[in-house]
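Use these hints to put chain B onto chain A, whose structure you have.
The primary structure of each chain is shown beneath.
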Amino acid sequence: MVKILLSSSIVFPATVGAVSFFARNTGLRKAMIILSSFLIAVISILIAFYLKIPGLYYFYGSQYLPDLIIKLGDFFLIFYILWISYKISEPKIAVFTLLQLIMLVYFDFFVLKESEVPFFFADELSILMNLIISIVGSIIAIYSLGYMERHERLHHVSPTRQPRFFAIVLMFIGAMNGLIFSNSLMGLYFFWEFTSLCSFLLISHDGTKEAAQNGARALWMNMLGGVAFIAGIIFLYTHYGILSLDELLKFSGGNYITIFVALLGFAAFTKAAQPPFESWLLGAMVAPTPVSSLLHSSTMVKAGIYLLLRLAPIMKGSILSNIIAIYGAYTFLSTAVLALSQSNAKRILAYSTVSNLGLMIASIGINTSSSIAAAMMLLLFHAVSKGLLFLCVGTIEQEINSRDIEDMKGLILKMPVTSLITSIGILTLMIAPFGMLLSKWLAMEAASRHFAVAMMMAAGSAVSVIFYSRWIGNLISTTKMGVLGRIRKCKEKLPNSILFALESLAFMAVAMSLFVGKIFNALIKPEINLMHMELSIRAASGYLSNGGIGGFSVYPVFIMIFLAGLLSLMTIKNSPALHTTSYMCGLQHNTMDYEAKNYYLGSLFNEDRFKRYIDFISAALILLLMGGSII
Amino acid sequence: MITKVLAAAFFSVIISTLAGGILTGLDRKLTALMQGRCGPPVWQPFFDIVKLFSKEPMVVNDFQVLAAFAYLFSEILAVALFALKTDLLMIVFIMSIGSVFYIVGAMAVRSPYSQVGAQRELFQMVVYEPLLMLVLVGIYFETGSFNISGIMEREPLIIQLPLFFLVLSLVLDIKMKKSPFDFSASEHAHQELVRGIQTDYSGPYLAMVEMAHWYELVVILAMLALFLASHVVLGILLSMLVFFAEIVIDNITARMTLKWMVGFSWCAGILLTFSNLAYIYIRR
Numbered sequence: 001m002v003k004i005l006l007s008s009s010i011v012f013p014a015t016v017g018a019v020s021f022f023a024r025n026t027g028l029r030k031a032m033i034i035l036s037s038f039l040i041a042v043i044s045i046l047i048a049f050y051l052k053i054p055g056l057y058y059f060y061g062s063q064y065l066p067d068l069i070i071k072l073g074d075f076f077l078i079f080y081i082l083w084i085s086y087k088i089s090e091p092k093i094a095v096f097t098l099l100q101l102i103m104l105v106y107f108d109f110f111v112l113k114e115s116e117v118p119f120f121f122a123d124e125l126s127i128l129m130n131l132i133i134s135i136v137g138s139i140i141a142i143y144s145l146g147y148m149e150r151h152e153r154l155h156h157v158s159p160t161r162q163p164r165f166f167a168i169v170l171m172f173i174g175a176m177n178g179l180i181f182s183n184s185l186m187g188l189y190f191f192w193e194f195t196s197l198c199s200f201l202l203i204s205h206d207g208t209k210e211a212a213q214n215g216a217r218a219l220w221m222n223m224l225g226g227v228a229f230i231a232g233i234i235f236l237y238t239h240y241g242i243l244s245l246d247e248l249l250k251f252s253g254g255n256y257i258t259i260f261v262a263l264l265g266f267a268a269f270t271k272a273a274q275p276p277f278e279s280w281l282l283g284a285m286v287a288p289t290p291v292s293s294l295l296h297s298s299t300m301v302k303a304g305i306y307l308l309l310r311l312a313p314i315m316k317g318s319i320l321s322n323i324i325a326i327y328g329a330y331t332f333l334s335t336a337v338l339a340l341s342q343s344n345a346k347r348i349l350a351y352s353t354v355s356n357l358g359l360m361i362a363s364i365g366i367n368t369s370s371s372i373a374a375a376m377m378l379l380l381f382h383a384v385s386k387g388l389l390f391l392c393v394g395t396i397e398q399e400i401n402s403r404d405i406e407d408m409k410g411l412i413l414k415m416p417v418t419s420l421i422t423s424i425g426i427l428t429l430m431i432a433p434f435g436m437l438l439s440k441w442l443a444m445e446a447a448s449r450h451f452a453v454a455m456m457m458a459a460g461s462a463v464s465v466i467f468y469s470r471w472i473g474n475l476i477s478t479t480k481m482g483v484l485g486r487i488r489k490c491k492e493k494l495p496n497s498i499l500f501a502l503e504s505l506a507f508m509a510v511a512m513s514l515f516v517g518k519i520f521n522a523l524i525k526p527e528i529n530l531m532h533m534e535l536s537i538r539a540a541s542g543y544l545s546n547g548g549i550g551g552f553s554v555y556p557v558f559i560m561i562f563l564a565g566l567l568s569l570m571t572i573k574n575s576p577a578l579h580t581t582s583y584m585c586g587l588q589h590n591t592m593d594y595e596a597k598n599y600y601l602g603s604l605f606n607e608d609r610f611k612r613y614i615d616f617i618s619a620a621l622i623l624l625l626m627g628g629s630i631i
Numbered sequence: 001m002i003t004k005v006l007a008a009a010f011f012s013v014i015i016s017t018l019a020g021g022i023l024t025g026l027d028r029k030l031t032a033l034m035q036g037r038c039g040p041p042v043w044q045p046f047f048d049i050v051k052l053f054s055k056e057p058m059v060v061n062d063f064q065v066l067a068a069f070a071y072l073f074s075e076i077l078a079v080a081l082f083a084l085k086t087d088l089l090m091i092v093f094i095m096s097i098g099s100v101f102y103i104v105g106a107m108a109v110r111s112p113y114s115q116v117g118a119q120r121e122l123f124q125m126v127v128y129e130p131l132l133m134l135v136l137v138g139i140y141f142e143t144g145s146f147n148i149s150g151i152m153e154r155e156p157l158i159i160q161l162p163l164f165f166l167v168l169s170l171v172l173d174i175k176m177k178k179s180p181f182d183f184s185a186s187e188h189a190h191q192e193l194v195r196g197i198q199t200d201y202s203g204p205y206l207a208m209v210e211m212a213h214w215y216e217l218v219v220i221l222a223m224l225a226l227f228l229a230s231h232v233v234l235g236i237l238l239s240m241l242v243f244f245a246e247i248v249i250d251n252i253t254a255r256m257t258l259k260w261m262v263g264f265s266w267c268a269g270i271l272l273t274f275s276n277l278a279y280i281y282i283r284r
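Heads up: the protein sequence lines correspond to chains A and B, in order. Its first residue numbered 1, the first sequence is counted upward by one per residue in this note's numbering. Its first residue numbered 1, the second sequence is counted upward by one per residue in this note's numbering.
Some hints here could point you the wrong way.
As the list claims (entries may be wrong) - In silico DMTMM-like cross-links for lysine to aspartate or glutamate, where the CA-CA straight-line distance does not exceed 20 Å:
| # | chain 1 | residue 1 | chain 2 | residue 2 |
| --- | --- | --- | --- | --- |
| 1 | B | K85 | B | E153 |
| 2 | A | K3 | A | D246 |
| 3 | A | K71 | A | D108 |
| 4 | B | K259 | A | E607 |
| 5 | A | K491 | A | E503 |
| 6 | A | K573 | B | E56 |
| 7 | A | K597 | B | E192 |
| 8 | A | K52 | A | D246 |
| 9 | A | K493 | A | E397 |
Claimed, not checked - Okay, the calculated beta carbon distance ranges per label pair:
| # | chain 1 | residue 1 | chain 2 | residue 2 | range |
| --- | --- | --- | --- | --- | --- |
| 10 | A | H155 | B | S275 | 55 to 61 Å |
| 11 | B | V50 | A | A511 | 40 to 46 Å |
| 12 | B | I15 | A | E534 | 39 to 45 Å |
| 13 | A | N529 | B | S149 | 27 to 33 Å |
| 14 | B | Y281 | A | G565 | 45 to 51 Å |
As the list claims (entries may be wrong) - If you only want the chain A side, here are some residues facing chain B, beta carbon under 10 Å, derived:
| # | residue |
| --- | --- |
| 15 | A432 |
| 16 | P433 |
| 17 | L569 |
| 18 | L601 |
It is worth saying that the hints were derived from the structure and are not from the lab. Think of the CB as a built atom: it goes at the ideal place given N, C-alpha and C, for glycine as much as any other residue.
Same shape as in the complex, but just chain A (with noise of 0.2 Å):
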């Protein structure tokens, strides 16, 4: 039973996906992929529960056929790149794709040996990844048939080229649930690749020159990751002789073991956009909206975040593990301070995605139990809201056909219903006592010790505040009398899957905080005591505690927001306030509107100077992170 579940969490959306490649009819197309999320869904749930973990698991039927269609799969995969890297003409794609040909051709004919591994390897971060994959993934492919109609409306698409869309978004979440619940690396590596195979071909989706060089650029930076991944995979292979995630896991540690940890660091920073790599996350940004919410801010980006999690317990205590922290505490502070400089929302928000994969990292870095929960909390969290925001930002681009936050003034009296799931994302993002910040209070707490990196944290998550309230400040601020009686009037007309995806997903992100207690002891405690580290948190409902260093209760925070909210609502009601215009020092005009726009210090934190600065200095640490490493 658990064997079915498992095995079709990856082949169920990849059929799904390769049948509606061919399926012409839109009806028939749409009836089928809303069915097949829903499904997709409802496995995951079901692996949630029935499935005994940490466990191992062989693949359904056969045990050797998915190794041979992971062996046959890679070189596959190679070839295509290749063929790829040949159209668009991007010779950096074909060097990168050789040189782990080779590799590959070498460690697969000459130095493996035949052996036989389960298929699977579960614990509760794959679970966790499983479902965020899995139901975050589902709800925004069902919001990418409306939002996808629209767009071929609005682009004047014709022939239809949704199908290649949807067959690839649904054989992508396929290719994450392998990624997440592979045993074998070299199965984590055909995944791996084949992602980053998917985000090219998304990327690119809409054929303008922009996107299909924004495309290139993504591919051969993944590329690279991809030959430091193979190469940390000989490596560990040829010096312990391991191969699976569980060995690793049990692998008390050898002299060497750096090296292959600092190797698949590097390919987890070329997924997660670190810096200097984060320019083809904001490239990406070309892509159709539900593919920035779901390959680069929910689930793909998370990879690398998933594989330095798996990495944790055997860099404890190195060096390298304190290097990855301050790295990961400087990109979470810097592209935060780029995210400040821009006014495009897409680009706002994939800068502050750079920034909080870089929180992740530092936490990870930091490695105490404390910091591990806050790095899987994070994750949790970020995948929901950041996913939900990037969903807003494409329904409000679509009606006024700009995504600059500047250009959403007033927005309120025009979309109300999406300018309020707008501001309920970013405060999910922004403010305790939602998910993201009960985190970053964890992550706090524990990188106290480390006080370059506290002090680092604490600046970027100042500095996020700057420009998500002014975001939530341009959607409500109006120049007319009064909002809410206007509202009501106001009708805003959503295709149902938007409307759906938008409410489905912030009501996830604000009942997951909610639940913050139960979510923390069933997935993310288990999950700690299988690291083998000495679990100081305690969880009880609404309150986190940090064993005698601190605690967070959030049941009066929700009631405290709770209750101005209701007041304030009542008191609108009760006693209808005198509507009056701003005060404009005796200059009201009739005919003329007052303009003040935000700050964006476009003279300090220029984006071009200062992103060669941080891309300079982020790859120093990472050289300083490879030279950690042999030591």
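Okay, now just chain B, sitting in the frame of chain A:
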């Protein structure tokens, strides 16, 4: 148990309301005396609040109501949690909820004065928030705890962390919006910024904002007093001394620019904290 907690929270809020009001009154009186005026009675802030509450409520954007309530309530919660001796970092996070709502409420109005004020307040927040967290991390470094109850068991922090105390005083100055840091809401409404971030809060909502300021002031003064927690009276005296110093500084300096504030405060803050850390290491 729960009634005890609620009672403690309730009393702490009452006391800090009184303390916050009187301190604000003292501030006005002392400032007036320094400027050679007679000044209002110390009770004036309470009269102001009563007056403001009795005014007809007026808003431009309905979100201002929510902003005022959320600001006030989160600061009240911060006071209560402080009195219950809980986690300091959590208290700072809760205080920042209020600040965010306060700022967003001002941004909801399209008047250039409140818009500019709100933007500046954001940058003030970006300066004082990390410094405040650094102070807490420093305290944790020394005491091994973020809980106020844990911190209070230790010997006077001021001996070990004198420079962190200075950083916290700097935070207080920025938070009170005193010169040279009065960018977001100038002290007197007849300057170019009018009343900045507060311009479009009026009547009862302005009263709530004012009261929230009182609580913020009390919490930060209490944090200062925590540096001498083993001798409560001395600790309170110490924080009063800092409060008086802020008033003096306010009256002898002029407003600087935003960039200067970011540069000055971060440089000073980082230098002070690192020197203090070095000092701790040497003493160990």
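Now for the hints, and whether the structure bears them out:
Taking the CA atoms of K85 of chain B and E153 of chain B, the gap is about 12 Å. The hint holds against a cut of 20 Å. Among the hinted pairs, K3 of chain A with D246 of chain A is consistent with the structure: their alpha-carbon atoms are about 18 Å apart, no more than 20 Å. In summary, the hint linking K71 of chain A to D108 of chain A is supported, as the alpha carbons are separated by about 8 Å, within the 20 Å threshold. Pair hint K259 of chain B plus E607 of chain A holds up; C-alpha atoms about 18 Å apart against a cutoff of 20 Å.
Of the pairs offered as hints, the one joining K491 of chain A and E503 of chain A holds, with about 16 Å between alpha carbons and a cut-off of 20 Å not exceeded. A distance of roughly 15 Å separates the Cα atoms of K573 of chain A and E56 of chain B; the hinted pair therefore holds under the 20 Å criterion. Restraint check for K597 of chain A and E192 of chain B: the C-alpha separation of about 18 Å stays at or below 20 Å, so the hint holds. Of the supplied pair hints, the one linking K52 of chain A and D246 of chain A holds, its CA atoms being roughly 15 Å apart against a limit of 20 Å.
At most 20 Å may separate the alpha-carbon atoms for a hinted pair to count; K493 of chain A and E397 of chain A meet this at roughly 14 Å. Look at H155 of chain A against S275 of chain B: about 59 Å separates their beta carbons, and that is inside 55 to 61 Å. Restraint check, V50 of chain B to A511 of chain A: a C-beta distance of roughly 41 Å satisfies the suggested window 40 to 46 Å. The beta-carbon spacing between I15 of chain B and E534 of chain A, approximately 40 Å, falls within the hinted interval of 39 to 45 Å.
Roughly 28 Å separates the CB atoms of N529 of chain A and S149 of chain B, a value that falls within the hinted 27 to 33 Å. Restraint check, Y281 of chain B to G565 of chain A: a C-beta distance of roughly 48 Å satisfies the suggested window 45 to 51 Å. Annotation: A432 of chain A was flagged as interfacial toward chain B, and the flag holds, the nearest CB pair being 4 Å apart, inside 10 Å. Of the supplied interface hints, the one on P433 of chain A holds, with its beta-carbon coming within about 8 Å of a beta-carbon of chain B, less than 10 Å.
With 10 Å as the threshold, the beta carbon of L569 of chain A comes within range of chain B, its nearest partner Cβ sitting at about 8 Å, so the hint holds. The closest approach between the C-beta of L601 of chain A and any C-beta of chain B is roughly 8 Å, which is under the 10 Å cut-off, so the hint is satisfied.
In this structure, none of the earlier numbered hints is contradicted; all agree with it.
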